[in-house]
Amino acid sequence: EVQLVESGGGLVKPGGSLRLSCAASGFTFSSYTMNWVRQAPGKGLEWVASISDSGRSIYYADSVKGRFTISRDDAQDILILQMNSLRVEDTAVYYCARDGLVSTLYGCFVYWGQGTLVTVSS
Amino acid sequence: DIQMTQSPSALSASIGDRVNITCRASQNITTSLHWYQHHPGKAPKLLIYTDSSLQSGVPSRFSGTGTGTDFTLTINGLQREDFATYYCQQSYRSPPWTFGQGTKVEIK
Numbered sequence: 001e002v003q004l005v006e007s008g009g010g011l012v013k014p015g016g017s018l019r020l021s022c023a024a025s026g027f028t029f030s031s032y033t034m035n036w037v038r039q040a041p042g043k044g045l046e047w048v049a050s051i052s053d054s055g056r057s058i059y060y061a062d063s064v065k066g067r068f069t070i071s072r073d074d075a076q077d078i079l080i081l082q083m084n085s086l087r088v089e090d091t092a093v094y095y096c097a098r099d100g101l102v103s104t105l106y107g108c109f110v111y112w113g114q115g116t117l118v119t120v121s122s
Numbered sequence: 123d124i125q126m127t128q129s130p131s132a133l134s135a136s137i138g139d140r141v142n143i144t145c146r147a148s149q150n151i152t153t154s155l156h157w158y159q160h161h162p163g164k165a166p167k168l169l170i171y172t173d174s175s176l177q178s179g180v181p182s183r184f185s186g187t188g189t190g191t192d193f194t195l196t197i198n199g200l201q202r203e204d205f206a207t208y209y210c211q212q213s214y215r216s217p218p219w220t221f222g223q224g225t226k227v228e229i230k
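Chains as they are written, first to last, in this note's numbering: chain D, 1 to 122; chain C, 123 to 230.
I should point out that these hints are in silico values taken from the structure, not numbers from a laboratory.
Treat the hints with care, since some could be wrong.
[To be verified] Ranges of calculated distance between the beta carbons of each label pair, as one might list FRET restraints:
#, chain 1, residue 1, chain 2, residue 2, range
1, D, Phe27, C, Ser216, 19 to 25 Å
2, C, Asp123, D, Thr69, 17 to 23 Å
3, D, Ala75, C, Gly179, 27 to 33 Å
[Said to hold, decoys possible] Lysine-lysine pairs mimicking DSBU-like chemistry, simulated, CA-CA at most 30 Å apart:
#, chain 1, residue 1, chain 2, residue 2
4, C, Lys226, D, Lys43
5, C, Lys230, D, Lys13
6, D, Lys43, D, Lys65
7, C, Lys164, D, Lys65
8, D, Lys43, C, Lys167
9, C, Lys230, D, Lys43
10, C, Lys167, D, Lys65
11, C, Lys164, C, Lys226
12, C, Lys230, C, Lys167
13, C, Lys230, C, Lys164
14, D, Lys43, C, Lys164
[What the hints assert, rightly or not] Example chain C residues on the side facing chain D (calculated, C-beta under 7 Å, incomplete):
#, residue
15, Ala165
16, Tyr209
17, Pro217
18, Pro218
Don't be surprised by glycine CBs; every beta carbon is placed ideally from N, CA and C.
Let the hints inform the model, and build the full structure from the sequences given.
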């Protein structure tokens, strides 16, 4: 059974940093593009970042480019989102999501975690 | 970036109704269109991928049609567990991937 479990959310002040993790199990983690998607309170879903199976291709939404870094540890089956220079508007539930096809940048999010809440407030 | 526009933003329907939700892309995305269901506090769930393919385990009352710029999600015979928010999302060529703003389906 595919499982994605996010952790690392919490309350942080504007300008602060936070590191989110997503522990994956039930599939060959190193073979899939992985993604972060967020939902701000009362808003819709927003794609945040993607990292290819090899880790060589990385993409960011303009809203987080230069502040967030996506990475992966294939030895431990963990996806990471390092968030720096956080803003109030980054407040959201952050979901980890697995792509649908092996070794392909597909952009279809087949499996999702339950999410972790990040609150940026002074 | 490709903009996705859903309509309506919300609708009220009764158990057993047929519901249509439309999604329009700002440019031709061929069939690179997926639909998700989201209940509050839960993980989003993939319903339809690549325009019209039903995800494994999803009831057959859900269907997707369209191509190019105009797409429709249809729920035939609304069930109680279908009251949720639905999102379309495009994955044409390369990121940024974009979602529609969502359609909330409420009980009439």
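Now for the hints, and whether the structure bears them out:
For Phe27/D and Ser216/C, the hinted distance range of 19 to 25 Å is satisfied, since their beta carbons lie about 24 Å from each other. For the hinted restraint 17 to 23 Å between Asp123/C and Thr69/D, the CB-CB distance of approximately 21 Å keeps it satisfied. Against the hinted window of 27 to 33 Å, the Cβ-Cβ separation of Ala75/D and Gly179/C comes to about 31 Å, which satisfies the hint. This hinted pair checks out: Lys226/C and Lys43/D have alpha carbons roughly 12 Å apart, not beyond 30 Å.
The straight-line distance between the Cα atoms of Lys230/C and Lys13/D is roughly 42 Å, outside the 30 Å bound, and the hint therefore fails. For the hint pairing Lys43/D with Lys65/D, the CA-to-CA distance comes to about 20 Å; that is within 30 Å, so the pair holds. With a CA separation close to 27 Å, the supplied pair Lys164/C and Lys65/D stays within the 30 Å bound. Pair hint Lys43/D plus Lys167/C holds up; C-alpha atoms about 17 Å apart against a cutoff of 30 Å.
Simply put, Lys230/C and Lys43/D have alpha-carbon atoms about 23 Å apart, close enough for the 30 Å limit, and the pair holds. Pair hint Lys167/C plus Lys65/D holds up; C-alpha atoms about 27 Å apart against a cutoff of 30 Å. The straight-line distance between the Cα atoms of Lys164/C and Lys226/C is roughly 15 Å, inside the 30 Å bound, and the hint therefore holds. Proposed proximity of Lys230/C and Lys167/C is supported: the alpha carbons are some 23 Å apart, at most 30 Å.
Straight-line distance between C-alpha atoms of Lys230/C and Lys164/C comes to about 23 Å, which keeps the hinted pair within the 30 Å bound. Only pairs whose Cα atoms come within 30 Å are accepted, and Lys43/D paired with Lys164/C is accepted, the gap being roughly 15 Å. Taken as an interface hint, Ala165/C checks out: its beta carbon lies about 4 Å from the nearest beta carbon of chain D, inside 7 Å. Taking 7 Å as the C-beta contact cut-off toward chain D, the hint placing Tyr209/C at the interface holds, the least distance being around 5 Å.
The interface hint given for Pro217/C holds, since its Cβ lies 4 Å from the closest Cβ of chain D, which is under the 7 Å cut-off. Interface hint status for Pro218/C: upheld, as the beta-carbon distance to the closest one in chain D is roughly 6 Å, under 7 Å.
This entry does not satisfy hint 5, going by the numbered hints stated previously; all others are met.
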